[in-house]
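Asker: Spelled out from the first residue to the last, the chains are:
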Amino acid sequence: MDKSTCLEVKGLSKWFGGLAANLDIDFSVEEGEIVSVIGPNGAGKSTLFNCITGFYKPNSGKVSFFGKDITKFRADKVCNLGIARTFQIVQVISDMTVLENVVTGALLRYTRIGPATEKAEEILTFTGLIDKKSFLGSELTIADKKRLEVSMALATQPRLLMLDESMAGLTIVELRNIMNLIKKIRDQGMTLIVVEHVMEAVMEISDRVIVLNSGKKIMEGLPKEVVSCQEVIQAYLGDKYRAVC
Amino acid sequence: MKKFTIKQISVTGITLLLLLLFPLVITQTYLIHVMILVFMFGMLGVAWNIMGGYAGMFSFGQAAFFGIGAYTSSFLLVTFQINPWIGLIAGGLVAALMAAAIGYPCSNLRGHYFAIATIAFGEIVRIHFNNWKLVNAAEGITIPMMDESLANFMFHSSKLPYYYIMLAFLLLALVICYFVANSKMGYYFRAIKESHDVAEVLGVNVVRYRLIAIMVSAFLSAMAGTFYAQYILYIDPESVMLLAISVQIVLISMLGGAGTIMGPVIGAAILLPISELTRIWLGHKGTGVDMLIYGFLITLISVYQPQGIWGLFANIGKKKNG
Amino acid sequence: MLSVNNISVGYKGLLAIQDVSFHINKGEVVSLVGSNGAGKSTIVKTIAGLLHPVKGEITFDNDPIHQIPPYEVVKKKISMIPEGRQLFGRLSVLDNLMLGAYSLDSKEEIQKTLENVFHLFPILRERKGQRSDTFSGGEQQQLAIARGLMSHPTLLMLDEPSLGLGPKLVSEIFRIVEEINANGVTILLVEQNVHEALQISHRAYVLQTGRVVLEGEGKDLLKSDLVRQAYLGM
Numbered sequence: 001m002d003k004s005t006c007l008e009v010k011g012l013s014k015w016f017g018g019l020a021a022n023l024d025i026d027f028s029v030e031e032g033e034i035v036s037v038i039g040p041n042g043a044g045k046s047t048l049f050n051c052i053t054g055f056y057k058p059n060s061g062k063v064s065f066f067g068k069d070i071t072k073f074r075a076d077k078v079c080n081l082g083i084a085r086t087f088q089i090v091q092v093i094s095d096m097t098v099l100e101n102v103v104t105g106a107l108l109r110y111t112r113i114g115p116a117t118e119k120a121e122e123i124l125t126f127t128g129l130i131d132k133k134s135f136l137g138s139e140l141t142i143a144d145k146k147r148l149e150v151s152m153a154l155a156t157q158p159r160l161l162m163l164d165e166s167m168a169g170l171t172i173v174e175l176r177n178i179m180n181l182i183k184k185i186r187d188q189g190m191t192l193i194v195v196e197h198v199m200e201a202v203m204e205i206s207d208r209v210i211v212l213n214s215g216k217k218i219m220e221g222l223p224k225e226v227v228s229c230q231e232v233i234q235a236y237l238g239d240k241y242r243a244v245c
Numbered sequence: 246m247k248k249f250t251i252k253q254i255s256v257t258g259i260t261l262l263l264l265l266l267f268p269l270v271i272t273q274t275y276l277i278h279v280m281i282l283v284f285m286f287g288m289l290g291v292a293w294n295i296m297g298g299y300a301g302m303f304s305f306g307q308a309a310f311f312g313i314g315a316y317t318s319s320f321l322l323v324t325f326q327i328n329p330w331i332g333l334i335a336g337g338l339v340a341a342l343m344a345a346a347i348g349y350p351c352s353n354l355r356g357h358y359f360a361i362a363t364i365a366f367g368e369i370v371r372i373h374f375n376n377w378k379l380v381n382a383a384e385g386i387t388i389p390m391m392d393e394s395l396a397n398f399m400f401h402s403s404k405l406p407y408y409y410i411m412l413a414f415l416l417l418a419l420v421i422c423y424f425v426a427n428s429k430m431g432y433y434f435r436a437i438k439e440s441h442d443v444a445e446v447l448g449v450n451v452v453r454y455r456l457i458a459i460m461v462s463a464f465l466s467a468m469a470g471t472f473y474a475q476y477i478l479y480i481d482p483e484s485v486m487l488l489a490i491s492v493q494i495v496l497i498s499m500l501g502g503a504g505t506i507m508g509p510v511i512g513a514a515i516l517l518p519i520s521e522l523t524r525i526w527l528g529h530k531g532t533g534v535d536m537l538i539y540g541f542l543i544t545l546i547s548v549y550q551p552q553g554i555w556g557l558f559a560n561i562g563k564k565k566n567g
Numbered sequence: 568m569l570s571v572n573n574i575s576v577g578y579k580g581l582l583a584i585q586d587v588s589f590h591i592n593k594g595e596v597v598s599l600v601g602s603n604g605a606g607k608s609t610i611v612k613t614i615a616g617l618l619h620p621v622k623g624e625i626t627f628d629n630d631p632i633h634q635i636p637p638y639e640v641v642k643k644k645i646s647m648i649p650e651g652r653q654l655f656g657r658l659s660v661l662d663n664l665m666l667g668a669y670s671l672d673s674k675e676e677i678q679k680t681l682e683n684v685f686h687l688f689p690i691l692r693e694r695k696g697q698r699s700d701t702f703s704g705g706e707q708q709q710l711a712i713a714r715g716l717m718s719h720p721t722l723l724m725l726d727e728p729s730l731g732l733g734p735k736l737v738s739e740i741f742r743i744v745e746e747i748n749a750n751g752v753t754i755l756l757v758e759q760n761v762h763e764a765l766q767i768s769h770r771a772y773v774l775q776t777g778r779v780v781l782e783g784e785g786k787d788l789l790k791s792d793l794v795r796q797a798y799l800g801m
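Residue numbers (this note's numbering), protein chains in the order written: chain U, 1 to 245; chain B, 246 to 567; chain L, 568 to 801.
One chain only, chain U, in its complex shape (with noise of 0.2 Å):
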């Protein structure tokens, strides 16, 4: 099957009165993939993000979705096309249930109340939190709260997910499951990008991962090409990784 070009970003810029926060980046994400953005914090990766998911409108450059362009598309806009995305600080609501979390998400597909609490049910069971569909927002942990957000997400049907730094925290055993879901998601046909400062996770789950540094997309590449390179170890990685590049 010819798999398309979901996410294209080129020339992408955004300024915050003198300084640059994204600085012409380009990089285009097949169908299917898994590709990491990493950076040191600073380095523009949320910007990106939000760029991209029409929380803040670029300076210059293009974003495509599947060949449409995107660029100038307010978020909720584009959410409906399909990209869904996470929050860096965790946003879930918190005077609702888990379950009506996700039932709002998927509101979105469904009109009526029955079949999104159906689709809500089906999505909360995949990501493991069905036996908690009766607890607050508020009374959630910070990784059941991280969990849900990916559940509300999902709920919207995308065909792009874009995760950032859901694994913040997280033992390698909790890191076990959130990766085996990633891997799920995107065997259910989702191309997925994901934000991440836990290089273990990075190494296992990408396809490839983009550097950012100074908002400069600095280095593209095989995960293992992008941790052996010695501007990436200087900017972020630390002397634990030797430099081979």
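Honestly, the hints are just simulated from the structure, not real lab data.
Please note that the accuracy of each hint is not assured.
As the list claims (entries may be wrong) - Think about it this way: if two alpha-carbon atoms lie no more than 25 Å apart in a straight line, the pair counts; the simulated DSS-like pairs of lysine-lysine are:
#1 U:Lys145 / L:Lys612
#2 U:Lys224 / L:Lys735
#3 U:Lys132 / B:Lys429
#4 U:Lys240 / L:Lys735
#5 L:Lys790 / U:Lys240
#6 B:Lys429 / U:Lys119
#7 U:Lys77 / B:Lys429
#8 L:Lys622 / L:Lys643
#9 U:Lys133 / B:Lys429
#10 U:Lys77 / U:Lys57
#11 L:Lys786 / U:Lys240
#12 U:Lys145 / B:Lys429
#13 U:Lys216 / L:Lys735
Keeping the supplied structure of chain U fixed, place chains B and L upon it in accordance with the hints.
Answerer: Positioned in the frame of chain U, the structure of chains B and L alone reads:
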């Protein structure tokens, strides 16, 4: 739709029956008047709740919509002899349009900033009407005496018809609120209340849904305004557009339980009688005593039961079920 | 120095931690490790006075501290760096630091402590007028630790300092923790990054579902089967 328990249906049924029989049994007109006010403020509270308790837009300007409803129907009646029931709908539409006009530029305002904007809006409307020759400015409008009839929305011999009409209006508002709360719209409102980001990321057009909330709220508030005009038979900006009315609407909703369907009604049922009774017993010396009592009750609720009095009932129910 | 005896702490009727006991000797680095929801943060918050145990007691240099409010705990020279940094975003670096010194009385002591802190974190001296929410995550973490040091603590508790930081910064933060310890501050470290935490700890305790399941010296635990399987993924 949620399924109702036998208990819920019977409690609702009995309450409704009691309310229907009340004015037939209790004949003191003053007490009937208090109940009418309870229903009216209950409706205003429910209307506020739709945009405030559910969608998170705390409005301190509801009196403007209430007043616009009263003025629209009264003006049309006095100037063009248009039937008040038609005036009722017209008032609702005018209020909804005004709500959209103010709501759109305020789409990005949240929390305190939105509240301040609504205070400004309410006061601007009141001051404008106070100076507007077309509607008699500060002198107000007197609703002309007409033959007693339902079609004329006017009754002289007894308060009973007003009682039942206001009760019907309240029930209408509650039904609308129920449908909103249990529909896609209700979920989206609650998402917007939590955070615009969360709502947008789930595909919600935040601007559109905020406007819907404001417009529905305005329409219902305006309906209450027309009722008031036809009941009291005299309106002026100081009696229908006062900031104090807006504040009272927020208070009864918060006391009773914001974000619940019945909350504002409970709040009205408690605060209105207190307000009226302190006015009788203490006369001029008593001005503001009801506010003191409100303040005390609000403090109690905020500390011990932030979900409002309705939350108390809900928790009792939960504890019984284990 | 710090002795936690059989404490149980709960929220809303559910016990988050049960019958937990451990101690910290002066000059040590002690880690609490375990998964999410194991109760590590709850313990630190309880020591800091933000929560109170329903059972058990906590003593610091033989002084009971489990019933006193948080500002009294700070006065006893116990300082906490909360999870997620919790800086005063709209305030500058200097303002955050000065607020950290709130419990100190003398101007000289404050100045001296400020100098020490700037010595440890030179980037904060450079940017002392800058609003703290404009900093990147790693810089914010440095500021959070610096602010905690401003009260001149003898016991410093860090809750997940490496959260959300890239590998290079994680190493940097652990190096700083070691340096602070070398300067005479006793450290209680709560971490999900079990490997790094155990490497710098004299002793550590492993928590699961609110109870201590394993304790020992840092390097011994690195070799234990339980830890290797559950937390190091081997």
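Asker: Tell me the hint numbers this structure goes against, listed in increasing order.
Answerer: Failing hints: none at all.
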